[in-house]
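These protein sequence lines are chains A and B, in that order. For the first sequence, the numbering used here begins at 1 and goes up steadily by one. For the second sequence, the numbering used here begins at 1001 and goes up steadily by one.
It should be emphasised that the hints constitute simulated quantities derived from the structure, not laboratory data. Because the structure is a prediction, the values reported are computed rather than measured. Among the hints, erroneous ones may be present.
[Said to hold, decoys possible] In silico lysine-lysine, DSS-like type, Cα no more than 25 angstroms apart, as pairs: (1) A/Lys172 x A/Lys122; (2) A/Lys79 x A/Lys123; (3) B/Lys1017 x B/Lys1028; (4) B/Lys1092 x B/Lys1017; (5) A/Lys103 x B/Lys1031; (6) A/Lys151 x A/Lys112; (7) A/Lys107 x A/Lys152; (8) A/Lys152 x B/Lys1031; (9) B/Lys1097 x A/Lys103; (10) A/Lys107 x A/Lys153; (11) A/Lys112 x A/Lys152; (12) A/Lys107 x B/Lys1031; (13) A/Lys153 x B/Lys1071; (14) B/Lys1031 x B/Lys1096; (15) A/Lys123 x A/Lys172; (16) A/Lys79 x B/Lys1071; (17) A/Lys151 x A/Lys172; (18) A/Lys153 x B/Lys1031; (19) B/Lys1071 x B/Lys1097; (20) A/Lys134 x A/Lys103; (21) A/Lys122 x A/Lys134.
[Said to hold, decoys possible] Sample of chain B residues facing chain A (criterion: CB under 8 angstroms; computed from the structure): (22) Arg1075; (23) Pro1081; (24) Gln1086; (25) Thr1090; (26) Ile1110.
Cβ coordinates follow ideal geometry from the N, Cα and C atoms, glycine included.
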Amino acid sequence: MKLMTRLAVLFYVTVIMFVGVTAVLIALNWVDLNYILNVLVGMYINEELRLIGGSIGAGILLFNFLFANAISDRYAREKNIAFDNPSGRVSVSLTAMEDLVRKVVSKEPEVKEVRARITASKKGLDIMARLILKSDQNIPELTSRLQEIVKKKIQNTIGLEESIVVRVDVVKIIPEEPLAPMRKEKKKEDRIEDTERSVPFQGYRA
Amino acid sequence: MSEDSKLDLGTIQIHKKVLADITISALKDIKGVRLVTEDFKSNVFELFGYKTFPGISVTVERGNDVSIEVKVMVRYGLNIPEIARQIQDTIKTAVKKTVDVNLKDVNVNIQGIERGE
Chain A
1 MKLMTRLAVL
11 FYVTVIMFVG
21 VTAVLIALNW
31 VDLNYILNVL
41 VGMYINEELR
51 LIGGSIGAGI
61 LLFNFLFANA
71 ISDRYAREKN
81 IAFDNPSGRV
91 SVSLTAMEDL
101 VRKVVSKEPE
111 VKEVRARITA
121 SKKGLDIMAR
131 LILKSDQNIP
141 ELTSRLQEIV
151 KKKIQNTIGL
161 EESIVVRVDV
171 VKIIPEEPLA
181 PMRKEKKKED
191 RIEDTERSVP
201 FQGYRA
Chain B
1001 MSEDSKLDLG
1011 TIQIHKKVLA
1021 DITISALKDI
1031 KGVRLVTEDF
1041 KSNVFELFGY
1051 KTFPGISVTV
1061 ERGNDVSIEV
1071 KVMVRYGLNI
1081 PEIARQIQDT
1091 IKTAVKKTVD
1101 VNLKDVNVNI
1111 QGIERGE
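Please work from the sequences and hints to get the whole structure.
See below:
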């Protein structure tokens, strides 16, 4: 563990322990309420104490911000695919690859919605695509076509030689709703009914 | 903080910001590539009047070895190894031409793929 990480862990453990112990002591009535009030009132009245309290608070906020940034940076750095060029390293974030998969798959007219998740390991890339399809599709044929398209696109785009596994998960099938024609037909039926209704009874004829 | 070289008449210091500016200009020439947009941290720094270069980090190591890392978004449909090589070559050429500094590395980090115009 790096020094900064150790310091951050130590800091947060201390703060959480302090808060926890204080809460337990208050709950068990082991701390006089007047004592706490005196400390708070003292802090409120005394300008020096207020300044110290405020500085500590600002320091904690700043430390928190820096630590959160460091964590998010490290997290982002770990989610990359990298290859080396003579001029330096090229790294492609997995989010970018997920964008690419989403764009390739959503181009297909049979796909209503797609969510992609990529994990990179030593064995290669593992792509998971969750699909919402429009109905009346041959799912085995469509999914195998999508797998092929995604695999080829990834290979062509990043020139990766490693194995790519594309898993497709069909989570929902949405029936296509020809809303407009249905309404038209309904209106037509209504009109027919109306006209039928509007024909006045003219009596029986021989 | 800066890359410096000695001449008979004195020392020339080139600030990292200069290299970052050159990098930004060089990237503008490449179609289908743009730097990542500003984040919260850079907005906060700019609030206090400190100019930041989101998506570019310049490192000067011992022995005046300079490395540049760029975080970019790439247009959908481009071949990533090709475009990355183009980015590296363009930045290297621009820096060499403008400040005559030999770059050790130009690291390209593709952060996202976006739909083109």
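How the hints compare with the structure:
Pair hint A/Lys172 plus A/Lys122 does not hold up; C-alpha atoms about 32 angstroms apart against a cutoff of 25 angstroms. A C-alpha spacing of about 15 angstroms is found between A/Lys79 and A/Lys123, which places the hinted pair at or below 25 angstroms, so the restraint holds. Between the alpha carbons of B/Lys1017 and B/Lys1028 the distance comes to roughly 17 angstroms, so the proposed pair stays at or under 25 angstroms and holds. Only pairs whose Cα atoms come within 25 angstroms are accepted, and B/Lys1092 paired with B/Lys1017 is accepted, the gap being roughly 16 angstroms.
About 20 angstroms separates the Cα atoms of A/Lys103 and B/Lys1031, which keeps this hinted pair within 25 angstroms; it holds. In summary, the hint linking A/Lys151 to A/Lys112 is supported, as the alpha carbons are separated by about 20 angstroms, within the 25 angstroms threshold. For the hint linking A/Lys107 to A/Lys152, the alpha-carbon distance of about 15 angstroms falls within 25 angstroms, and the restraint holds. Restraint check for A/Lys152 and B/Lys1031: satisfied, since their Cα atoms lie roughly 24 angstroms apart, inside the 25 angstroms limit.
Distance restraint check for B/Lys1097 and A/Lys103: the Cα-Cα separation of roughly 38 angstroms exceeds the 25 angstroms cut-off, and the hinted pair is therefore not satisfied. For the given pair, A/Lys107 sits about 13 angstroms from A/Lys153 by alpha-carbon distance, which is consistent with the 25 angstroms threshold. Note on A/Lys112 and A/Lys152: the hinted pairing holds, with a Cα-Cα distance of about 21 angstroms set against a maximum of 25 angstroms. Under the criterion of a C-alpha separation no larger than 25 angstroms, the hint pairing A/Lys107 with B/Lys1031 is consistent with the structure, at around 23 angstroms.
Distance check on the hinted pair: A/Lys153 and B/Lys1071 sit about 22 angstroms apart at the alpha-carbon level, within 25 angstroms; holds. Annotation: proposed proximity of B/Lys1031 to B/Lys1096 holds, straight-line Cα distance about 21 angstroms (limit 25 angstroms). With a C-alpha separation of about 30 angstroms, the suggested pairing of A/Lys123 with A/Lys172 is violated against the 25 angstroms cut-off. A C-alpha spacing of about 14 angstroms is found between A/Lys79 and B/Lys1071, which places the hinted pair at or below 25 angstroms, so the restraint holds.
Under the criterion of a C-alpha separation no larger than 25 angstroms, the hint pairing A/Lys151 with A/Lys172 is consistent with the structure, at around 23 angstroms. Note on A/Lys153 and B/Lys1031: the hinted pairing holds, with a Cα-Cα distance of about 21 angstroms set against a maximum of 25 angstroms. Between B/Lys1071 and B/Lys1097 the alpha-carbon distance is near 22 angstroms, which keeps this suggested pair within the 25 angstroms criterion. Annotation: proposed proximity of A/Lys134 to A/Lys103 holds, straight-line Cα distance about 17 angstroms (limit 25 angstroms).
At most 25 angstroms may separate the alpha-carbon atoms for a hinted pair to count; A/Lys122 and A/Lys134 exceed this at roughly 36 angstroms. At its closest, the beta carbon of B/Arg1075 sits 11 angstroms from a beta carbon of chain A; the interface hint therefore is violated under the 8 angstroms criterion. A cut of 8 angstroms between beta carbons decides the hint on B/Pro1081: the least distance to chain A is about 5 angstroms, and the hint holds. Residue-level restraint check for B/Gln1086 is violated (minimum Cβ-Cβ distance to chain A is 10 angstroms; threshold 8 angstroms).
Below 8 angstroms, beta-carbon pairs count as interface contacts, and B/Thr1090 has none with chain A, the closest being about 10 angstroms; its hint is therefore violated. Restraint check, B/Ile1110 versus chain A: the minimum CB separation of about 4 angstroms is within 8 angstroms; hint holds.
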